[in-house]
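> Given the structure of chain A, go ahead and fit chain B onto it with the hints provided.
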Amino acid sequence: MLDKSAQAYWKRNIRVILGCLAVWFIVSYGFGILLVDVLNNIRFFGFKLGFWFAQQGSIYTFIVLIIFYAWKMNRLDEEFDVHEQ
Amino acid sequence: MDVQLLTYIFVGASFALYIGIAIWSRAGSTKDFYVAGGGVHPAANGMATAADWMSAASFISMAGLIAYLGYDASVYLMGWTGGYVMLAMLLAPYLRKFGKFTVPDFIGDRYYSNVARTVAVICVIFVSFTYVAGQMRGTGIVFARFLEVDVNVGVVIGMVIVFFYAVLGGMKGITYTQVAQYCVLITAFIVPAVFLSIMMTGHVLPQTGLGATFVDAAGNDSGQYILDRLDGLLEELGITPYTDGSQPMINVFFITAALMCGTAGLPHVIVRFFTVPRVRDARISAGWALIFIALLYTTAPAVGVFARTNIIDTVNNTAYEEMPSWFKSWETVGLIGWLDKNGDGAVQMGPKAPFEGKPEFAEDGSVGEHGERVVTNAPVEGDAEVYIDRDIIVLANPEIGGLPAWVVALMAAGGVAAALSTAAGLLLVISAAISHDLIKKQINPNLSEKGELLAARSAAAVAVVVAGYFGINPPGFVAQVVAFAFGLAASSFFPAILLGIFDKRMNREGAIVGMVTGLTFTFSYIVYTKFINPDPSIWWFGISPEGIGTLGMIFHFIIAYVVSRATKAPPEEIQELVESVRVPRGAGEATAH
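If you read the sequences in order, they're chains A and B. So for the first sequence, our numbering puts the first residue at 1; every next one is plus one. So for the second sequence, our numbering puts the first residue at 86; every next one is plus one.
No lab work stands behind these hints, which were simulated from the structure alone. Computed from a prediction, not measured in an experiment: that's the story for all the values here. No residue lacks a Cβ here, since even glycine has one placed at the ideal position from N, Cα and C. Accuracy of the hints is not assured; some may be wrong.
Claimed, not checked - So, partial list: chain B residues that the calculated Cβ filter (under 10 Å) puts toward chain A: (1) 155; (2) 159; (3) 164; (4) 178; (5) 292; (6) 296; (7) 313; (8) 364; (9) 365; (10) 370; (11) 376; (12) 385; (13) 448; (14) 664; (15) 668.
The shape of chain A in the complex, shown without the other chains (with noise of 0.2 Å):
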């Protein structure tokens, strides 16, 4: 079985997937998809708001979202000392 330790890493990575994963839905399904009429009345650049987030903006987040997540569970292993040697 788990130890605690192990565990309690799991549950802060749960953590830190659901708020990725919360950014994620909603710069694409949010600003993309449902809101995308309402961010439309607004200019970014020579953009409608909506529109940049649905072909441009939202693919930018998740490249952030991938990385941020990738530096974030390698020092998650190290405090938990569950890296790789």
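Positioned in the frame of chain A, the structure of chain B alone reads:
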């Protein structure tokens, strides 16, 4: 030098490069063959994943698709990139820790069942063949366009090349050829896009050019944003503005979700993350992959807008005799057709199609009053007079931008690279499913390492031939690759793997029933709505076949949960296995078998 000769040189040189890499990196063991020895650098793997991922369709057709769909095409842009976020967080690191060769391997071991393994194998083979047949066809089409050979000859040339490096090099050969192929295809895509962006907006980066003001041919800044200009041009023609959607929101939502989960669940993508040395590499490798993919996916919308604006500006209400040369050269190829309905000698555009279907020309080669090829299709009511194939958006870019001949040659090499890299990745997944999951794991467990390697090579060889056959004689289902491949991956693999990692209580019964439910439901819906009764008014809640995988996935989750809770918990050692994949330490020690 003429374009034809340059194209032969570019494509020939790229082939020599791929074959050279294949010989240098040929596989010596099954581990080399299935997962490139597990020692690929995360950035190299990211690049290989990007090449694996971006098919001939991404390269040739996507910008054109976006150009014609406008906002509605966002489902593809978000769907085919957002899946990598899930891959990085929900699947890749744990599957890497698990440390086996294939997706059916994980399903079979995690659910302690050869039935589950076999369901996964069948699904892998169906999904991958659907996908690969389109790629072989794509190779043939690229050859036909650029080298003026028959499409079928092109398919055979593609088969020979893939045969050589996939059969010889396995995953190891594929990985490093894919790195080279990525470099070729991205250069070929970006170079014309940059020139077009400078021409239309004065911006070097297409991504910022898309939000900039339009600069006319004389170099004067119009002060009008290019997107506003395109919206205006389309409105004048009676077409929905570019930045507005025309699809119901629920359908957009479902298609995006199906593409995202499908991306994360596609076996040829997942297996790439088995090739990196450590769990932490698997996480960041998904980031690298997305960066390399995003280079193309954020450029494509800009290319779409630039090209469409330029085409409307150039073509609409222009007399046929004054058309630029690209218009006539693509008319010669049959991708443009003009029917002068109002007899004014000028070309008009409009909201509807000019005539039914793709242009068919008078067989005697006769020309009309203005020198145009005579179109014989039945006209459609309305003002529109011109058919412009979507694929032109990318293919004609170099000519529209007035770029030198070597750029056209580079495009040909890029298109072939995109098709070959995806085909090779898929063929490998098929061969691994057969040699490893069927033969080694079920039919003949005593098979030696050498015997398995031979079986893998033979399976790859057979798969190349079958894929080539489908490429030459494409069955109807191949055209529905988006619906089938992504829908089935989203409704079968994605939930089964996710539950296998995140739900320790998930057992054999739940997984099998869940997979079969997801598969059967999604498959039946697609077949019924695409082939038996292709009438959008019967779609459930307005969900198109492309988006139905999401509903199949939801059914899978619900049914798997209910069945697993009603049946016996998985054995102790399986629960320990789940716990072990959740922590990174020890991944290096995980052996093949």
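> For every hint, state whether the structure bears it out.
Consistency of the hints with the structure:
no., hint, in the structure
1, 155, "holds (9 Å)"
2, 159, "holds (4 Å)"
3, 164, "holds (9 Å)"
4, 178, "holds (8 Å)"
5, 292, "holds (7 Å)"
6, 296, "holds (4 Å)"
7, 313, "holds (7 Å)"
8, 364, "holds (6 Å)"
9, 365, "holds (6 Å)"
10, 370, "holds (9 Å)"
11, 376, "holds (6 Å)"
12, 385, "holds (9 Å)"
13, 448, "violated (43 Å)"
14, 664, "holds (5 Å)"
15, 668, "holds (4 Å)"
Taken one by one, the earlier hints fail for this structure only at number 13.
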